[in-house]
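Here the protein sequences line up with chains A and B, keeping their order. Start counting the first sequence at 1; every next residue gets the next number (our numbering). Start counting the second sequence at 1001; every next residue gets the next number (our numbering).
Chain B regions said to be covered by chain A (calculated; three or more residues, Cβ under 8 Å):
(1) 1141–1147
(2) 1158–1169
(3) 1175–1182
In case anyone wonders, no lab produced these hints; they're calculated from the structure. Computed from a predicted model, the values in this text were never measured in an experiment. For every residue, glycine included, the Cβ atom is placed at its ideal position computed from N, Cα and C.
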Amino acid sequence: MNSMQSASHVSMYYYPLLFLGVMAFIMLALGIKVSNKNVFAGITFGSVLVSMALILLNPYDGVQVGSLVFNTFTIFFVVILIISVLYVTFPMIRGIKTKPEIFYSTLIFVLIGMIIATLSYNLIIIFVAFEAVSIGTYVISAYGKEKRHLEASTKYFFTGTIGTAFTVFGLSFFYTATGTFTLTTEVVSSSPAMLVALLFLVIGFGFKLAIFPMHQWAIDAYDGTENGVSAFLSTGTKLLAFMILLKVLLVGFVSDFHDVYILFVILSIFSMTYANLAALSQNNLKRLLAYSSVAQAGYLILVIALVGSAGIGNVAYVAVTAGMFYSLVYIFMKGGSFLAMNLVKKQSVEVSDMSGLAKKSPATAISFAILLMGLAGIPFTGGFTAKYYLFLSLIEGNLWWLAVIAILNSAISVFYYFRVIMFMFWKDPVEDGNFNLNVYSKIPVIVSAVIMVALFFFFYLLPTFATYAPGLFATMGGSI
Amino acid sequence: MYMLAIFLALIVLSFVAFFMGKYAGAFSKISSATIMVLTVAYAILIFPSRSASGLTPINSYAFAPGIGIYFSIGVNGLTISLLVLASIVSLVSILIADKKEYKATFYGLMLLTESGLFGILLSRDFLFFYIFWEVVLIPMYFIIGRYGGQRKDTVSLKFFVYTHIGSVFILLSILTLFSFYYGYSGSTVFTLQMATLLNPAFINNSAYLPVFWKGFMLFGFMLGFLVKLPSFPLHSWLPDSYTTSPYPATVMLAGGLSVMGGYGLFGILLPISTTIPVAVLWVLIALGIISLLYFAFTAMFQMNIKRMMAYASASAMGFVVIAFSAGILDSSLSIRNIELSGGIFQIVAHGIIMALVFSTLYFISERTGKENIYQMGGIHREMPWLSSFLLGGLLASLGLPGLAGFIGEFSIIAGVFQTVGWLIFLLILGMIITASYHIWTAQRALYGPYNETLGKISDASRKEIAILASVTIVIFVLGVYPNLIFGIISAYVGGII
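Chain B extracted, bound-state conformation (with noise of 0.2 Å):
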């Protein structure tokens, strides 16, 4: 009830955002920061004492229940942590989103993908989850195509069709479960209840779901995921978007967004990791690697340094894609739960750190103006606060020990060296990349000579300090102890297994 209220809540916010006209902007601040507020007091005060593996008792309420329709809301361990991760990022992408030309329906649209952020990892119904998940999509094609920078209509349909169609193939595998489920139940039961649906008794029994219609149905889920993700091959709508859309836009696309894929494989499919074939795991894993290593090797050629940025943030979700399926491989529990809880701990890292990366860089190139790493040269002479939190940032997504981003990678090198073997050596190649190329941007951006062409040009104000200050003190609380969220997840991962 606690969660239903504060999501209700968020829906009516973000429609009143709309109307609050000049007042918008504070009014969504200010939305946005008690939304984040309850939810972090839920999770660290009310959750812990739900239950021991993290489950709490779901919500239903009747929609349609003659055609299996109900309203269904659950907070687990996994979205929990996920949710703390959204509130956390949207309430940074509002906050620094203060430019003149951000009407009052910016802030609503913004608080909308909130919304939908938080429909997506509360719905225990599939048919919700699927609404949630397109929702999703309508705000950010809007802030995309209204605010965006250049080629922005281009790209803002780009990225709509593109996750369309993999949001497309979801609903195809929801309604492949739903439909051979009704055989199950004996023709009976008409459900999309997640908790009903992922049955692996049920998925894996060949007289009631069909071999075909079972891989079509890990295939559809798996396209929709890794389209979100993003993982190689389907990653050619996130440079585009993330270099397009305004800055606070892409702190929610690179924080918000890319939980959604993670939550996909954490949420929907690992339950039903007994369905999964071997070899599509390692498809998954090679797929993982290639991303991992491509997307570095991108990222390091990259001129503009939102889009390294942007190749980055998809090559640190690699490991996302290599812990989950090497996870699942894995015979031992405890490493398993290592590898599995380390997954998703680097989707919750990775938000919060790249959302420290694009607003510190949002307020450097509001003051330069440029966006060339060559061109940025030196600015630490004149912005040092700015500075130090972008390369506070930087080594929180190289994954520096003692920083939020080192606990994922670590836990899932050390999990992963069981299952993979000497293909370690590439993920090890991967980091080695990632921090080269990390250190190389700081170099040639912050430090050397300065570029005289920018003049004088005036650090962060004391608002701006405060807010990235408190982002970069999650990060370093996450590093420093983990197991504020580590224990949470590790419940639900142990939940799973």
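Excised from the complex, chain A in its bound form (with noise of 0.2 Å):
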């Protein structure tokens, strides 16, 4: 606790939050009057936005409020959270038939969630505000126009409260081998039951995750949403689900770092193998998506494998450098090939239903090919950075072998995204009309292939990253 300061003017630190409930209410009541979707979407994207600014123009040089920690780590996953949220208010535009307000305004009330849940060191704030994300979750999942957005949201409901009544057990026992909920003190106990409690948490948080085996809910539930929540779930959730998971189990479980690590380690490697395997035969490329995108969670969370097998120290530290890289990287090639979806009119679509849209639109094209090659680690792409610095820090934690297994795992996934774009460039279009090219579903993916391409040119991002990443262990007497 020695570089943690109290602040005096705690209530500061609640602003942006408290801005962000009331930004909701307004447009909850607001409702009643407007019904114009793209009001809603633009006080939804301008409050975000001014929340974003109120949280960075915080001092939060390690300044720990109650158990709501904020230094630069913290801040940079909030951050991406809420560039994940940014990312899909206006392409969500186009699933919303009725009350575009309630939409919004859920979507606003699980950034709170996510935001406190980010920031907190104490389980049970994490649990109840990460149910709040998930309940949001469940009704945004479940707007659309049609009856299989119901029923992804139902398939997505049941196993998520399955993935809670794990995590709840999880965290009893927590509480009885450690007697505390609070990681802002470093957690010492070696007790079996801290056993229970990972297995438990890893289930609970894996559901979330959506890695090998807890991840059939989410082809479904990816496949069954609107494209844009289905970038949401993808992006947000996932990423918050990373977050935790890093915070609990690195912080958490300090003493059983072994048990961490080999169990990640099986975990990372069936995710890969399995999802990318899986991949191979899809036809229908959101499914396929969806399957990629179990295997994107299989490279983040080598991140925690190699913490668990490094413990705490310079590895550890590169480890996690590499994937809040990844994180940032992530939320655009995965967030914006979901967002491709919005350029066919049909709903399930094929594989095929890409033919031809090189010679309809090129530069849509493109974009989704540089995202494309972005999720297969492609150079000059952020995705080739992200890997690479992954590896990197793989090879660097003496995990070789990890290493070999997930480059193999990604010269695999090189298959199923290059026959995307195989489609996309040399067949010709099935039919006349079936693309969706209006501003809404085109500007998404071509600035996140702006981005991707900037990205890999800005890799001097990740020595400032490398400063923010001791921040994790910040309550454990480490450095900020």
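Please dock the two separately framed chains into a single complex, following the hints provided.
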């Protein structure tokens, strides 16, 4: 606790959250009179931007307010989650038929939950905030014109509650073993109950992160929901779950790092391999992207395995830095490719529906191709830098063979990503008017592709992130 | 600085070409010619005065110094000769591309491939080396997939995935070196500089680089390079890609891309040759001989002349592998120098010869619409110019004295005899087979009774003759005065061994 200082003006740290909450209620009230979707999207976008500004304006250098920790690391993830909301605000307009105010205010409530869960180092607060996020996402995933949205949401809801049950159970074991819910002081316990807690917490949060074998719901849910929603589910909630796992496992289970390591090595290998192999035979493009999202989560959790193996120190900081950069890139490559589904008018998009996109709109086709190349980790995209740095940190942590498995997996993935590119560029369109090439569909894809390429050239961001990374362990007496 | 300027100009030009609309063809021809002239001028006028061992100073520009990434650029005797080759081959491939269907994208992609090749050869930093190595594949993938012939979609995917997996192993090797060097340097230096990492003292020190990882590193590099060469048994992408891609891209593949594997062997593995176990070198020799013979036999039975030349190209690259590994095994320094320089010369000669052969084939098949050797029959009667050029290309390819192909093969054979002993007969056998099927093909396709179904066809235009004649002159000049680049190469090799 040496580097932590307690803030004298506590309330100012809550202003962004209060502001968001007020704006959400104002929107609900406004909904009685106004029904224009663009208005609500605009308000949401504006208020989320304002809250981001408010958060960044706060002096957040290692301040601890109750169990909330404001340092560069947590704020980084807050910003990432805010970006993931901003990112889907306007593209979501297409999927909403009625009552946009409820949708957008729910989105803001979800964001509030995300921010609290990110900042908090108390397991109960994390849990409650995370539940708020989950319930919100059950609502928005049911939002759409068709029955199948409801079906997807129901599946998501049922598996989600099972996940919750596991989490609660895990938390109770955690408490039994350690006698505390807060992670703000170093938790030391080698009781066997910790193992049970570890396993159950991983299962609980693993459902939200959609890693093997807790991923089955994700394929159906991403496939069944509106494209904007699936983009949000696969970026926002997933990265939140990743952040929470980082925090809970790496701060709460310091004395059980070896078990964390073994568990996550197994989980990541299975997630990557299974998802990549399953994606190979997919003809439904959205399900293909869903499987690739499971595989990407498999790459992400390599970070946890690595920290578990190396312990807290320089290698762990490098690994966390890799995770941070990967999360940033991930929003644009995964979110962008899910939003690219908006380009096709059909509800269930086959790979062959992308035929001839290059002829209709070359810029969009190239952008989507860049996003797919990013997912495959081809140079000159941010995806390459992220993967490169991740593998580098694995190798630095002496997890050689894991890096080899990961790299071979990324070589396998090239097959299915390039198959999509093949259809876009050298097949003729199946029928005329198949594509939906208005501004709302095109702009998100093009913008994310531009950012993807820019992130490759911005890899000097990595040293900056490296100075943020120790902040994860700040409450254990580490540096900021 | 000079080469950096050329390189940056090339990248900019290739992006501009995408937006040139109907002027893209002319634009990219002029740009590519300019680049070629500047590169050759550098090679002939400026480079030799730099230093005796053929190494220029390396210019480094900080990119992300915190994690050891510098953009470093430098030229040595090996890369300058390969740069000249790459610029000539790219120029030829762009010059012959003048079909209506080739839009601005095509020329842009061709120039991008050339930039990638330049990037690979110029980079002195492993990260950028790897990035450009991958960058070359993407435009080729799009060219094959968009403008290719039969089964273009599957073949382009096969090409990409096959070579990508090879590249991935190179990446693993690079990361291995990077990571263990950190320990070797006393946990202070993060670096990806080739000059630092390719350090035999570090690689041979099993206290810092464990034997297993040393082997893994060598394996990764070799796999990546042998896929590109290609060597038996990693060749199955090659005939398909060569056959399916449009002719300009085939020229690029055969002349430009096969440079990559050769550069890998001589530019990256040769400086650390003392770390390669002798047994591995013998395996490489065996692979080289198998490639030489197997591909020659396979080529012999091809009906499609494009496919035949694809196998012939792979067969000729077998010499490169043999020269590399036998050269390292050899104990006598002067002989070693001849063998290794011969291997590098073979890469250069092979590239230019393939450019001649495939461009001539392009003009012939555009006119006759035939690629089948038997159906081409006797075209010398109608198109004497083109068939003479093709004959010239075939003769150069089989290694006729006086033409470029001979110098490489002769130096290799002369040197290798010291090392491999009686196995030399297998090489000679390979050369005999090569000669026989080349001559046989020329006989069946160019001479003999004319295939009347082809009707009346025109011979090459003045422009085409000019292109082909210039390439032929280059082949001839290198054949009678090889020292033009042989001198630079052997200075490089002498600096290494």
